[in-house]
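Chains as they are written, first to last, in full-length UniProt numbering: chain F, 1 to 623; chain C, 1 to 264.
Derived from the structure by calculation, the hints contain no laboratory data.
For clarity, every value in this text was computed on a predicted model and none was experimentally measured.
Please note that the accuracy of each hint is not assured.
Below, computed lysine to any residue pairings styled on SDA-like, alpha-carbon distance capped at 20 Å [stated by the list, open to error]:
#1 F:Lys280 <-> C:Arg235
#2 F:Lys233 <-> C:His3
#3 C:Lys193 <-> C:His3
#4 F:Lys120 <-> F:Gly168
#5 F:Lys82 <-> C:Arg235
#6 F:Lys82 <-> C:Lys193
The lines below spell out each chain.
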Amino acid sequence: MTNGNIRDFLKIVFVGHVDHGKSTLVGRIFHDTDSLPEGKVESIRRMCERRGMPMEYAFLLDALQAERDQGITIDTTQIWFKSARRDYVIIDAPGHKEFLKNMITGAASADAAILVIDAKEGVQEQSRRHGYLLHLMGVPQVTVCVNKMDLVGYSQDRFDAIEREIRGYLQSIGVSPDHVIPVSGREGDLIVGPSASMPWYPGPSVVDALDGFRVPAPATDQPLRFPVQDVYKFDDRRIIAGRIESGTLRVGDTLLFSPTNKTVRVKSIEAWNAPAPPMKASAGQSVGITLDEQIFVERGHVASHESHPPIETDVFRAHVFWLGREPLKTGKTYRMKLANTEAPVTVQSIDNVIDTGDLSQRAGATVERNAVAEITVRSRKMLALDEFRDNQKTGRFVLIDGYDISGGGIVSMEGYADQRQMITRRASNITQVMHDITDADRARRNGHKGGVLWFTGLSGAGKSTLAVATERRLFDLGYQVYVLDGDNVRFGLNADLGFSPEDRAENIRRVGEVAALMARAGLIVITAFISPYRSDRDRARQAAGHDFHEIFIQADVATCEARDPKGLYQKARAGEIKEFTGVSAPYEAPDAPELSVDTAALPVDACLDKLMAYVEETFTRTR
Amino acid sequence: MDHLDRLESQSIYIFREAFNRLDRVGMLWSLGKDSNVMIWLARKAFFGRVPFPVMHVDTGKKFPEMYEFRDRYAKEWDLTFLRGECPPIEEMDPSLPPAARSAARKTEGLKRFLAENPFDGIFAGIRRDEEATRAKERVFSPRGEGGQWNFRDQPPEFWDQFNTEFPPGTHIRIHPLLHWTEVDIWLYTQREKIPVIDLYFAKDGKRYRSLGDKDITSPVASNATTIEEIIEELRTTKIPERAGRAMDHEAEDAFERLRADGYM
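Looking at chain C on its own, in the form it has when it is part of the complex (with noise of 0.2 Å):
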């Protein structure tokens, strides 16, 4: 087994655990690299299929050829799509800064979506080496009812025994990813093949190396154009995945603050 065997069979092994542990699970889609990957991945788990809903709560605000990716796979993929509005900019919390107010909104959305839908648990494709917080996350994450995280009191997490049971009103996030690193992603892509949208390769010296909403998501400067380039690229870049995401850089806990009340 190749390192990317092992991530490979690690995952799975998480998705098959949620699976058979909790009542009503579904997967978060955001249309990206990691979450096709986690789509992908769930394929392999589950045989071809994926048995349970994937979501997308969408802000209305990506970009054009992230929605035709999505109606496109949702349909080849055989998936059970389902689709969470946001809430307008003027309902968040104004104390926030901008950027970070913006984003907040897909927090509440899900939050809303959720409130509709109830699962038990689902799963996001987030990633330790993403950004800081994010590294001290757990494989089986448990939410307050508003979807809080409690980051000072995380159950322990050791063996792959993950906590999988949980007071009544406890809701769990689930991250088949968690153990994966952006080079990884692109590395499992190329070998598996699996379709990624445009705006990761560079066009006129930019790309996307993080997509998220068209007015707080910048392309930093680069010249890959496909995927061999942008592993290349990730070998040596020494600029940070999501430093085009504004939302991380406003105040020193600006994402903490995000994350705690449930972002993901």
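In isolation and in its complexed conformation, chain F is listed as follows (with noise of 0.2 Å):
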């Protein structure tokens, strides 16, 4: 629709620092381009005055009693303005470390920001973590005020030095800025035009800052993400009803849902008071869509064309920023959000706590309020999702503890696998025969029921040492038995597979399927494979039922390195292995395995007379 009366409309935050004068800076604009509402100067000029105190431009925006009292900005807050440009709405946030929530309900809508820092104080804790966490936020584009020039004589000097360390620090997070500028809201330098008291300074006013800033662009030329939010059943229509986050779909399309895998076609886009039926709909939109097949579809579920799909994964990296009252802990449960999805997680670990102030990391069990930190999330059902920098928006989340939300989030998949191709079936038409011959009969003719001893721990813990010997010990007893060995299947059933996350995750798959048969035929089956994800032997063990029995070979790094019996970690350090488990790649040891050997305690034998006990215990028939 072409209407002269619907102009461009922006979205800007402030931020910075308590007492930089963000609101101060705001409401020199509002004053300086003529845009505040009649008699709101008197307003102002009245509160002052009652409060003995000299004019105050933040009283524009510092709405509740306690702010003006105080001299603060407790909550973010909005206000409309118009350039000759275009429609602003300016986000006021708060820079006080105490309302950090506040800043981030501000911030996480915006279009761009203004990083406001005091030309006096330079650049402080919160200018650091506020240019952190727009990055972290997506906010794309951003540019510096380096206010009250006004108390540093509009020296040059003073501003040069801060400009380069601002640019400094934002660079090392990945933050280019459009413009760093030196202004005095109080004396209204460089807000619409050049400022006399700084004719060094070339570049635009902060006004022109704004009028430069690009409104961004729906997301319609990236893969379809449409995350269900409803299902209604008004009528006898059954209309999907959900927001399209990217892409564009259109009716007859074909569109997977994720995570149940079942695709669809659509067969309208439904719209009330609309003079056609629309036939396409796109990033931004909020509809609702027929199908052409009635199939299970709930809130959650996320359809894409199948050329392109989210991942799907129950376990994932993610960069969180933590607003909660209780610290995020290792091993806690959250609820969590992430488009519609929501879901248990875990926290399975605290990775880094980063400094934002200066970017240095440490390990941790807990994140404190108001800290960032790299942790690594499970959930108890299958997701679908994408890495944040691929789609902002179902690559991001938030956690709730209990009834608040305590924490934001962006995804990275790094060093785990999309886990779409393992639960994906391709072949239909398929029926499972049944055989004549039942366990309980080759159970009675081996002297012992089938199994899965699934052995895993890190490389050099003594898997494989143990298997062979298990293996030789069980077999002289009169046990059918047999190892599968990592390297060997590499060599034949795996020869196609590398070691990328998703090949490793699909190499444990088959092993998992090939055991599970094994087992099934009456066989002792030892794996040795290091399978540092949960999730991968968790579908081992499905596959295996009920005969899958999780050994952890157990030794800490330290050991393991010291043995190195394949020389992998000399290796691994020297940075000639990529990916490494233990050094570069995350091992996930097993939450209740069915039995835990100790080999940096143990010698060999005792280890091996443990073993036996578990097996004579579990698969012995009594005849």
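Join the two chains, each given in its own frame, into one complex according to the hints.
This is the structure:
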């Protein structure tokens, strides 16, 4: 629609350290662009007189009594303003550390940000933290205002030093500011035009910089993501409702729903009070569609095209900022909301707690309020999501502790596999054939039940050594037993697989299926694979059912590294092997293995005895 | 998508989110330009119907045009309509300034209405640009048992991940128009051809910009007799929208006190 009345519109957030003059700067912009409503200046002047203080433009924004009394912004606020070029909403966000959740509430919806820094105080803790959070929240455009230049005598040297420092910091976190502008909110320098006090500054004024920000385009060119918000059945139509977060869908398109992996065609796009039924809908639109087949669809499912589906996983890594009253803790379960999906998730590990000031990192078991960290998250159900760098809308989430939204995070799949391949069955028209010989028949002949002894542990923990020795002992005692070993399988069955997370997961999937078949055939199968991911082992357990026994061959990294039977740790440390488990890739220890054998604490024979005792107790049929 | 399409899509998203996440929801209808747009957006969100009750908490002091409008469109729009009664002014906090005291009747009327009609959440058509404390609101705004707003400790709200679960006893106000401005409302009313009450159009050099009770609302000077002219006027005026609403101006924090106590 072309309507001359509807103008471009942009949301700008002002952030920065407390008292660096954000509210004053905003107030000044309003004053200098003649945007204040009638009577406002007088009412502010009266408020200031009553408090016995000079005229304070910040009162334009600080609407709460407590804010005016204490001279700080407590909660974020929004105020509308127009330049000659377009319309704006200015979001003023609190700088006070205590109100970081309010700052984020203000900042997260912005199209661009102004980071305000006090010329006298220079770059402070919240200047850095806010810069970091803008980046993390995906605010794409930033301009820096060095405010209160009047208090440093409009010194170019002072400005240059601050510009160098803040540019250096922002660059190190991957942000390049459009401009760094010296201003004075109180005196009105460089708000709408050049400043006589700073003839040395050649760049744009603040309003010029605002007008220079781009209006972000909706993600219509990206792959389709249509998260289901609700399903309505008000009449004979069954309408799948939701907002298209990216891409475009058309009537007649085949949609793939994740994580159920069902496909179905779009029959119609429904709309009320539309001149004609829409034939397509794109990113940003809240729509409703009907399908040509009644498949099971519910809130949280994500529709895409088959060619570019989202990732399916039950584990991912994340960068989180924590706002909770209680610290974020390893092992604790939170409720996660990602697009319209909700799932209980557990913080499997806190990998790095990041100091947003100097960007130093440390390990930790907790993340305190207002801190940033890298964590690994495990979900109880399969999730459909994207990496944040590929799709912001489906690559970010919040964590809920009790009733409170306590943190936000962005998704990275580094080191983890897309599990879609592993849960997709391509063949149709298959029926399972029932065997005539039962498991009990086989166990009677063999004198023992079949099953899988799944050894997991770090490279060098002793899996192969113990597997081969256990096999020998069992064989000598008359057991039907066979060892499946990592390297051997890769020579044949899995010769087509490499070492990417997806290939490693597929490697384990096939071994799990083979082991389950052999167990069904009546054998005791011992597998010796690092199998670092819990989801892969869980899948192997599913394949073998109750005949699956997870055996944790336990030894700390230092012990394994000292043994280094294949010289792999040495290569990994030298950087010759990327993504090496225990060094540069995660190892997820079993939570509740059927048996743990600590090879760092016990000699080989004692470990063997333990294993033999377990097998005899678990597999032997009483004759 | 233009600016109005984006506003509309966001409001629809909010409506659907509340309808899905909360058990029993209802919508407040003050008969003004904003709540008419709100009803319109609900019909868009739910494909022609409003699947929850729409209620008017009646002070009994509205303009006759407003009551006519209400009775006509409650039928035409096929609304499930509920009416709530407000208590007399004598029962209000005598420490409030006079107009605020009058406005407080509506707060009290709403409290009593909600006590009889147990909704988990109600949609209210407030906008951030109307008034400074409203600018601090959340889309999903939790209230205490008595309707109180704890503006010092509001839940974080970002990336459209609204807080939708609350401790028992919490009441939710949902604000699907929070991100709209007065001009947006008129542009959308024009585009969608949404009916409005005539009082908004100038007669004898005056028109109402904001409709409230007869006794505490005054018209502003204007020659705008069509929506086009209203939009033109709003592009240039420096008179705040609620200049004609007496209770906002009696004391520095009069409206803040009203809102903390549950006023819209």
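Consistency of the hints with the structure:
A distance of roughly 34 Å separates the Cα atoms of lysine 280 (chain F) and arginine 235 (chain C); the hinted pair therefore is violated under the 20 Å criterion. Of the pairs offered as hints, the one joining lysine 233 (chain F) and histidine 3 (chain C) is violated, with about 30 Å between alpha carbons and a cut-off of 20 Å exceeded. Distance check on the hinted pair: lysine 193 (chain C) and histidine 3 (chain C) sit about 17 Å apart at the alpha-carbon level, within 20 Å; holds. For a cut-off of 20 Å, the pair hint linking lysine 120 (chain F) to glycine 168 (chain F) stands: about 19 Å separates their Cα positions.
Proposed proximity of lysine 82 (chain F) and arginine 235 (chain C) is supported: the alpha carbons are some 10 Å apart, at most 20 Å. Straight-line distance between C-alpha atoms of lysine 82 (chain F) and lysine 193 (chain C) comes to about 26 Å, which puts the hinted pair past the 20 Å bound.
Checked against the numbered hints listed earlier, the structure breaks hints 1, 2, 6; every other hint is satisfied.
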